[in-house]
Structures are given as C-alpha cells and as structure tokens.
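In the order they appear, the protein sequences are chains A and B. Just so you know, we're using our numbering here: the first sequence kicks off at 11 and counts up by one. Just so you know, we're using our numbering here: the second sequence kicks off at 10 and counts up by one.
If you're looking for bench data, these hints aren't it; they were derived computationally from the structure. Even for Gly, the Cβ is constructed at its ideal location relative to N, Cα and C. Fair warning: there could be bad hints in the mix.
What the hints assert, rightly or not - Once the Cα atoms are required to be at most 25 Å apart in a straight line, the calculated PhoX-like pairs of lysine-lysine come out as:
no., chain 1, residue 1, chain 2, residue 2
1, B, Lys245, A, Lys13
2, A, Lys36, B, Lys186
3, B, Lys455, B, Lys205
4, A, Lys36, A, Lys17
5, B, Lys323, A, Lys268
What the hints assert, rightly or not - Negatives, chain B to chain A, calculated, CB over 10 Å:
no., residue
6, Glu15
7, Leu36
8, Arg119
9, Ala150
10, Pro233
11, Arg316
12, Gly413
13, Lys455
14, Gly483
15, Arg506
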Amino acid sequence: MAKIVQKKKLVPNIYLLEVEAPEVAKKARPGQFVILMPDEFGERIPLTIADWDIKRGTVTSVFMVVGTSTAKLAGVRPGDELPVYVGPLGRPSEIDYFGTVLCAGGCFGLGAIFPLARAYKQAGNRVVTFLDVRARYLLYWEEKLRAVSDEVHIISRDDQNLPQEYISWRLKNLLEQGRQVDRVHVVGCTYLMSSCAEATRPYKIKTIVSLNPIMLDGTGMCGACRVSVGEATRFACVDGPDFDGHLVDWNELYARRKAYLEEETHSLCHWQARVYEEEAI
Amino acid sequence: MAEKDELSAEVKERLKTEYQKPWRQELRRTLSVKERSKIPRQKMPERPAEERIKDFGEVNLGLETEAAQMEAKRCLDCANPACVKGCPVSIDIPSFVKLIEIGEFVLAARKIKETNSLPAICGRVCPQEIQCEALCNLKKATGVPVAIGNLERFVADFERKNGEIFIPSIPAPSGKKVAVIGAGPAGLTVAGELAKKGHQVTVFEALHLAGGVLVYGIPEFRLPKSILKAEVDYLKRLGVEIKLNFVVGKTATLEDLRAEGYEAFFIGTGAGLPNFMKIPGENLIGIYSANEYLTRVNLMRAYDFPRYDTPVLKGERVAVIGGGNVAMDSVRTAKRLGAKRAMIIYRRSRHEMPAREEEIKHAEEEGIEFHFLTVPVRYIGDEHGRVKAMECQRMELGEPDASGRRRPIPVPGSEFTVEVDLVVVAIGQSPNPLIPQTTAGLKVGKWGNIEVDWSTMATNIEGVYAGGDIVRGGATVILAMGDGRLAAASIDEYLKRK
Ligand SMILES: Cc1cc2nc3c(=O)[nH]c(=O)nc-3n(C[C@H](O)[C@H](O)[C@H](O)COP(=O)(O)OP(=O)(O)OC[C@H]3O[C@@H](n4cnc5c(N)ncnc54)[C@H](O)[C@@H]3O)c2cc1C
Ligand SMILES: Cc1cc2nc3c(=O)[nH]c(=O)nc-3n(C[C@H](O)[C@H](O)[C@H](O)COP(=O)(O)OP(=O)(O)OC[C@H]3O[C@@H](n4cnc5c(N)ncnc54)[C@H](O)[C@@H]3O)c2cc1C
Ligand code: SF4
Ligand code: SF4
Ligand code: FES
Numbered sequence: 011m012a013k014i015v016q017k018k019k020l021v022p023n024i025y026l027l028e029v030e031a032p033e034v035a036k037k038a039r040p041g042q043f044v045i046l047m048p049d050e051f052g053e054r055i056p057l058t059i060a061d062w063d064i065k066r067g068t069v070t071s072v073f074m075v076v077g078t079s080t081a082k083l084a085g086v087r088p089g090d091e092l093p094v095y096v097g098p099l100g101r102p103s104e105i106d107y108f109g110t111v112l113c114a115g116g117c118f119g120l121g122a123i124f125p126l127a128r129a130y131k132q133a134g135n136r137v138v139t140f141l142d143v144r145a146r147y148l149l150y151w152e153e154k155l156r157a158v159s160d161e162v163h164i165i166s167r168d169d170q171n172l173p174q175e176y177i178s179w180r181l182k183n184l185l186e187q188g189r190q191v192d193r194v195h196v197v198g199c200t201y202l203m204s205s206c207a208e209a210t211r212p213y214k215i216k217t218i219v220s221l222n223p224i225m226l227d228g229t230g231m232c233g234a235c236r237v238s239v240g241e242a243t244r245f246a247c248v249d250g251p252d253f254d255g256h257l258v259d260w261n262e263l264y265a266r267r268k269a270y271l272e273e274e275t276h277s278l279c280h281w282q283a284r285v286y287e288e289e290a291i
Numbered sequence: 010m011a012e013k014d015e016l017s018a019e020v021k022e023r024l025k026t027e028y029q030k031p032w033r034q035e036l037r038r039t040l041s042v043k044e045r046s047k048i049p050r051q052k053m054p055e056r057p058a059e060e061r062i063k064d065f066g067e068v069n070l071g072l073e074t075e076a077a078q079m080e081a082k083r084c085l086d087c088a089n090p091a092c093v094k095g096c097p098v099s100i101d102i103p104s105f106v107k108l109i110e111i112g113e114f115v116l117a118a119r120k121i122k123e124t125n126s127l128p129a130i131c132g133r134v135c136p137q138e139i140q141c142e143a144l145c146n147l148k149k150a151t152g153v154p155v156a157i158g159n160l161e162r163f164v165a166d167f168e169r170k171n172g173e174i175f176i177p178s179i180p181a182p183s184g185k186k187v188a189v190i191g192a193g194p195a196g197l198t199v200a201g202e203l204a205k206k207g208h209q210v211t212v213f214e215a216l217h218l219a220g221g222v223l224v225y226g227i228p229e230f231r232l233p234k235s236i237l238k239a240e241v242d243y244l245k246r247l248g249v250e251i252k253l254n255f256v257v258g259k260t261a262t263l264e265d266l267r268a269e270g271y272e273a274f275f276i277g278t279g280a281g282l283p284n285f286m287k288i289p290g291e292n293l294i295g296i297y298s299a300n301e302y303l304t305r306v307n308l309m310r311a312y313d314f315p316r317y318d319t320p321v322l323k324g325e326r327v328a329v330i331g332g333g334n335v336a337m338d339s340v341r342t343a344k345r346l347g348a349k350r351a352m353i354i355y356r357r358s359r360h361e362m363p364a365r366e367e368e369i370k371h372a373e374e375e376g377i378e379f380h381f382l383t384v385p386v387r388y389i390g391d392e393h394g395r396v397k398a399m400e401c402q403r404m405e406l407g408e409p410d411a412s413g414r415r416r417p418i419p420v421p422g423s424e425f426t427v428e429v430d431l432v433v434v435a436i437g438q439s440p441n442p443l444i445p446q447t448t449a450g451l452k453v454g455k456w457g458n459i460e461v462d463w464s465t466m467a468t469n470i471e472g473v474y475a476g477g478d479i480v481r482g483g484a485t486v487i488l489a490m491g492d493g494r495l496a497a498a499s500i501d502e503y504l505k506r507k
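Isolated chain A, as found in the complex:
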C-alpha cells in the first residue's frame, strides 16, 4: 500500500501524482518508472518517475488521462492508498557528458523529461529542451525545466508567433542549419518519439527513446513488453525502457500498443457507467 500525498491537475487532462514511497525514492534514477494499480480491480500500469524527494520519501509522476486506469487515478485523493506501487523499474538512462544534449518531451513527457534534463545538466552538458504542446494552455513545468536547461523551445501548434509545426520538424530545421547536437533524448507518445528518431537518422545523432509498450509485471517475467530493436527482441521493462530510436521497429510498436483497443473502450464505458450509477444513488 502506498499513500497518496498529492494529486493535482496541471493542465486539462494531465495530472501530477505524488506518492509516499521512501524505498522507491531512495533508489530512483532518471529514466526509471514505477508500476501501480489504481485500485483492487485495476490494471498494473507503468508511469515514469518525473521527480523524487528522498527527504520527504515521495515519488512524483505526471500522467495523462487516456483510459480506465488513468481516469481512476485522476479521481484519487490525498490520503488514499494505492494497492500496488512498485519500483524503481527499468534500467536508468545512461547519463554522461556528451556535449549538447537535446531533450524533447510531449504531453506527459514534459514531466518525464525533467529528471533527464536535470541529470544531463549536472553531468556538464549543454541542455537544449524542446517542449511539444498542442496548445499553449497545455504547457506545465516550464519554470522547472528552464531551471535545468540552457535553452528551452516551446513548440505549440496554436501560437500565432511560432511556426505551426511538430517538434520533429523543428528538430530537422535545427540540424539543417548545422547546429551541433551530440545526443537526443525523447519522451512522449510513440509518434513524437518515432518522428524525432526519423529527423536525426540522416545525421546519425544518437537518439534515445523511452519506449512505452504495454506492460504487465514490469520484472521481465511475462514478455508483454517485447519490442524489436535491431535484430533482437527485447523486454522493455528490464532491457529498457531506453533504446536507440534508430533501431526500433516502430510499426510493430504502434500495432502492439493497439492490441486491446476494443477491450479498453469497453472497460472505460463499463467503469464510467458504474461511476454514474453510484453518483445517481
């Protein structure tokens, strides 16, 4: 059981979740994740560790509501307990001095990229941070990210003063202009990660992506999270979640993430119907 310390809406549909988990906080490294279950009936879902505080003994994640588990999670209150909260899982990201590191994040990835930017910065890199939002009002943690970056670029598709573009196009522009970038690290939806990897491919810039296949146990026991990287099949929960974006079989990942579309819709309807029934009583 892990007690919820804080839950707050950051922007529409995106929430911050701070959980009391001193053992996880003590061991957490950038790039790792936790697996939690919102309630006894819930699914085990992975969330990236977006921050942690050893003194308070807490771990923070940022999540986007997309289905039943995340909708349930959006409804928790401080003091509630999560029946499962386990971590830190996955291999920590490789943090070292590379020169200029470009950190790119979208949706929940604005939060998830934070500990990476901070660690790259601490390792002496010049950190350029790209934040991808559909609209300005969906931007959060900007100050936090500015504090650990040398440059922050906000790429928003509603901003009159900025070109209408995806992060990957901006990345491409930057590289075409001859900007020196030594490493790229992307966290966000599959589209964001695959398009950034395509943008850097011609320049052979090492591009690390934090993959998000469907997981179950998170300890290497089930193989649900298998992804094809290069010639090999890897288990993202124990061999990753970081992989070389130029070697990932993106089509397979896209497909596998959609394995349960029908069931997910059914589950959400079922749960919402229950919530409305309970509210009606």
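Chain A is already provided as a structure; the job is to place chain B with the ligands on it using the hints.
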C-alpha cells in the same frame, strides 16, 4: 526419476520406529494383504467436463471421508515402504495413511507437515505418478498404486476446513534477521521453517500477491487461491513478515538489505523468464508467452473482465505450443474463456509429454485437440499486425537425447498452415536474471541458474542460499520445497555458528 538410491539413515530410523508402534502392528492385523489389495482404488470425484469448462471452479472435488478411509485401507503398510523413496521430501507416507485409516485426520496432517509444509498444494499438483505412487509396492503387486496424492490432499483440506491448523510453539527470538527473496513455494518453505526456529524472517516479493507460480501461473481450476491464502496466513501467524511490491535488485539490492541488518539470505526467485522460439512473426498481436496469458487470467483476473480492468484476448482458435503442465493449464484456460478450438501443438508424441497424467486426462475430457509431432515454424499476421495463421511442420522421432526422450527431427516438405487467432507459447522458462545481475560475484551456471552446494544449498557468497527453479530451471513445487527445507536447516546452522 525422483527415486533416491537409498533413504538416509535418519529417515529409515524414523520410519522403523513408527512402523513398530503397537497401534500400527494391531492395525496391520485387521485386514490381510490379500484383502487390502482387492479393494479398488477410490475414484477422485470430479465435476463433469461439460460443466467445468464453463467456469474456473476446481475440477477435482476431493475424496469423501469414507472413500479416503477405504483408500487408506489399500495401503499395505509395508516394512520397506518404497513409496517414501519416490517422495522428494521423504514424507512418512505409511504413517499418515494409517492415521487416516483409523480416522485421526488431524494427526495425519501433522505427520505430513513434519516434512512438507504445503500438503494441500502438493496433494494437488505433485506429479505423483512418477514420484511416490510410481514406487508404491501395491503398484508392483496390482498395477494400481495407493492414491497417496489424493489422501494427502484429503487430510490437508480436512485440517483447513475444520479450523484445526496447528500453530507450533515458537522458541524465544534469536534476534537474527533473515531475508527471503521470492514468495514462491521455495521461499515460503524457508520462511516457515526459519520462523519456527525463532528467527525474524521477511519475505520480499515483486508481485502484489504471495505464492509465485502458484498464484500467477497455476489456474484456479487446479489450485484454488483460497488454499494458497490459508498457507500464507499460516506463515503470517508464525510471525513471518511479507513485503509485497518489492523487487530485490531494484527496490533494494541484496547488499542494501545486508546493510539493513539481514544476516542470511535465501534466493527463491524462480524461473520467471519466458522462452520464445525466435521464429518469424512471434511478436504479432495475439501471441502470448504462457506466463503473460496465465498472469492476466489468474493474478489479474482477466476472466472477470470488465469487473477487473485487465483484458485478455479471447481466441476462437487457440494454439498452445508445448506439452508440459504450463501448456495444459494454458489450453484449458483458453477453453474456459470460450475457444471453439483449443489445440496443443507438441513436437514429440503423447508418450513424451511431461505434463501430469491427470492434467492430460482432464484436457482430453474437456475436448482439447492434441497435435503431436508438430512444431510451428512461422506466424502469419493480418494488416493490423494480429496473428491469423501459423505454418507448422511435422516431426518424426529419432534417437533418444540427453533427457532420454527421443529427439524430434523435422520432416522436410511437411509444412502446412493452421488458422489461429491466439497462440500461447509454453516451451519453458529460464531463471530470472535480476538477482544475478545485481549481486556482484554471485556464481551462475551456463543457463543463468544460480550455482549451489547441493548438500547445503549455499551459493558462493557467504550467508546467501538459493533453491527452487532459480537453481534447477523449471522443476516442480515439491522439489522447490525440498530445497527450501534443506536451505532453512543450513541457514539455521549458519546463524548459530555466527
Ligand atoms: C515505461 C513506461 C512509462 C510510462 N510513463 C508514463 C507517464 O509518465 N505518464 C503517462 O501518462 N503515461 C505513461 N505511460 C503510458 C501509460 O502507462 C498508459 O497511458 C496507461 O497504461 C494507460 O492505461 P489506461 O487504463 O488509462 O488506458 P487504456 O485505455 O487501458 O489504454 C490506453 C493506451 O495506453 C496503452 N496502455 C494500456 N495499458 C497499458 C499498460 N498496462 N502498460 C503500458 N501501456 C498501456 C495502450 O497503448 C493503450 O492503447 C508509460 C508507459 C510505459 C511503458
Ligand atoms: C503454469 C505452471 C504450471 C505448473 N504446474 C505444476 C504442477 O502441476 N506440479 C508441479 O510440481 N509443478 C508445476 N509447475 C512448476 C512449479 O510451479 C515450479 O517449479 C515452482 O513454483 C518453483 O518454485 P520457486 O519457489 O522456485 O519459484 P516461483 O514459484 O517461480 O516463485 C518465485 C517468486 O519470486 C518472485 N521474484 C522473482 N524475482 C524477484 C525479485 N527480484 N525480488 C522479489 N521477488 C522476486 C516472483 O515474483 C515469484 O513470486 C508449474 C509451473 C507453471 C508456470
Ligand atoms: S509430497 Fe508429492 S511426492 Fe511426496 S508424498 Fe506427497 S504427493 Fe507424493
Ligand atoms: S509402498 Fe504403497 S502400499 Fe507400501 S506403504 Fe507405501 S503407499 Fe503403502
Ligand atoms: S512487462 Fe512483463 S516482461 Fe516486461
């Protein structure tokens, strides 16, 4: 098979003392060997196949009291009970069976528990036909052994249902802390044994329920979760602390735990790494490892979706690759989830199938199709990346291999295609690598299994012991428990020495 060359002197002595007790002598005289051998083996009552495939309720219903006592009468109470040699933990089988005959069921349960702390489980899942029952003298005489497993289950169930679970008195605390890693049968056994010796035991378990394969792998229809829960509650009453949601190697390493004051360790992390065949198309949607499939259904209760949130794909034409218990559990699960065709695809013949005889029989009754001497060579997907067919190849049996089973050889040109929409790969597991990877200097073998001194279960690191599937590769519940008992005895000695 499991036959030990000879029983240890200590076991022999124990058996002899019991054998010579006056009540046993008297009981032997009440019926002649001839009369005993004439009693037919009592049938295990089971639910009819057409009923049981509609739910996940237990298939075997357990012997009634009268039938159990009748079955116990069949046992000849041999002066030289060969059955004991077949049991990996040397249960005093004649003693407990004779206690059943005289109606002392609780004493019978305690007798078993002297050497086996999980009889309700072993009675259900041990491959008796190649262990204790294989060597039973009555089998040699009549071809039909005493139903030792069914009797073991009977007394354990009796004890549990009648609330007579015996809590032994526990000696004064030794002040020593022991960390048990993994709450499977190996780890739970170690925990129970060491708690009874007065040590402070904490079990660290990665998942959110204790039991290992017993909770995430073996289905409800074979081993109801309530039985496991009773066993785990028993351990808690012995003072064992169980820390769930704790992955050793991640949440804390073994060395971290040492720094926290744990003085001895038992690693029982099992064979949790699923093997795949590495053939084309294996990552298509609808191809599961048996671990994933069974975990979704058992641990996460996907059979009760959408009440429980975790989904599982339900196939109409399901192929399960493999011929062991894991394959049988998977294919019978698929049947219960509504598969029209539930098929076993096995590369050898029925004779070589490693599954328990009873599971094969139950599967046959339930309408499972068996395709022997067949292997998949490639999976074919649709435009959404979902499996829709598999290409198979026929095999023929050649010379016996290292395991003594005849080696399957592909027949060229025998390829054919089978339509499937769900595949479960149940071709075995490898040892879980997490602890070896995060414990500097721990010695592992070629297959990633932890190496131990078999006389003590000690690893090459001081104070660190291991047992069960992490040492043996995929084995059995009773072997895991046997390792646990031996390791617990060694740990106790180690702590006393320290
Ligand atoms: C290593 C890792 C880190 C992640 N970090 C974050 C994070 O920090 N913030 C965040 O908002 N999201 C994160 N995700 C994604 C998050 O786990 C899914 O959004 C969540 O599981 C959706 O569950 P749901 O029940 O709300 O939605 P559902 O309706 O069940 O699913 C919506 C979509 O989410 C994906 N998904 C479903 N179940 C799982 C599962 N068990 N594991 C992984 N993905 C699943 C599927 O692609 C699915 O189509 C991460 C995923 C991974 C693998
Ligand atoms: C589907 C199936 C059916 C089977 N049927 C039978 C049968 O009928 N009869 C029979 O005798 N045998 C059967 N077996 C085999 C038997 O279950 C195993 O041999 C036995 O469970 C091994 O016990 P164990 O304690 O070594 O490991 P496991 O039961 O595998 O337990 C290991 C535990 O350790 C935990 N763990 C792993 N890594 C860590 C970590 N780093 N930190 C904390 N915890 C960790 C795991 O989550 C797990 O709970 C079957 C196996 C399967 C999969
Ligand atoms: S533990 Fe298994 S092998 Fe031993 S007597 Fe019981 S059923 Fe037979
Ligand atoms: S060998 Fe068979 S008949 Fe003899 S004691 Fe054992 S169970 Fe009874
Ligand atoms: S989630 Fe099960 S192996 Fe990765």
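Do the hints match the structure? See the list:
Between the alpha carbons of Lys245/B and Lys13/A the distance comes to roughly 23 Å, so the proposed pair stays at or under 25 Å and holds. For the given pair, Lys36/A sits about 22 Å from Lys186/B by alpha-carbon distance, which is consistent with the 25 Å threshold. With a C-alpha separation of about 36 Å, the suggested pairing of Lys455/B with Lys205/B is violated against the 25 Å cut-off. Taken as a hint, the Lys36/A and Lys17/A pair is honoured in the structure, with Cα atoms around 21 Å apart against an allowance of 25 Å.
Restraint check for Lys323/B and Lys268/A: the C-alpha separation of about 15 Å stays at or below 25 Å, so the hint holds. With 10 Å as the threshold on Cβ separation, the claim that Glu15/B sits away from chain A holds: the shortest Cβ distance comes to roughly 38 Å. For Leu36/B, the non-interface assignment is confirmed: its Cβ lies about 48 Å from the closest Cβ of chain A, beyond the 10 Å cut-off. Its beta-carbon lying about 35 Å from the closest one in chain A, Arg119/B satisfies the requirement of being farther than 10 Å from that chain.
At roughly 45 Å, the least C-beta separation between Ala150/B and chain A is larger than 10 Å, which holds for a residue marked as non-interface. Listed as a non-interface residue, Pro233/B keeps its Cβ farther than 10 Å from every Cβ of chain A; the least gap is roughly 19 Å. Some Cβ of chain A comes within 10 Å of the Cβ of Arg316/B; the nearest lies about 6 Å off, and the non-interface call is violated. Even its closest Cβ contact with chain A, about 30 Å, leaves Gly413/B beyond 10 Å, as expected for a residue assigned away from the interface.
Lys455/B, annotated as away from the interface, keeps every beta carbon of chain A farther than 10 Å; the closest lies near 19 Å. Once the 10 Å rule is applied to beta carbons, Gly483/B is consistent with being away from chain A; the minimum gap is 13 Å. With 10 Å as the threshold on Cβ separation, the claim that Arg506/B sits away from chain A holds: the shortest Cβ distance comes to roughly 31 Å.
Violated hints, listed in ascending order, are 3, 11; each of the other numbered hints is respected by the structure.
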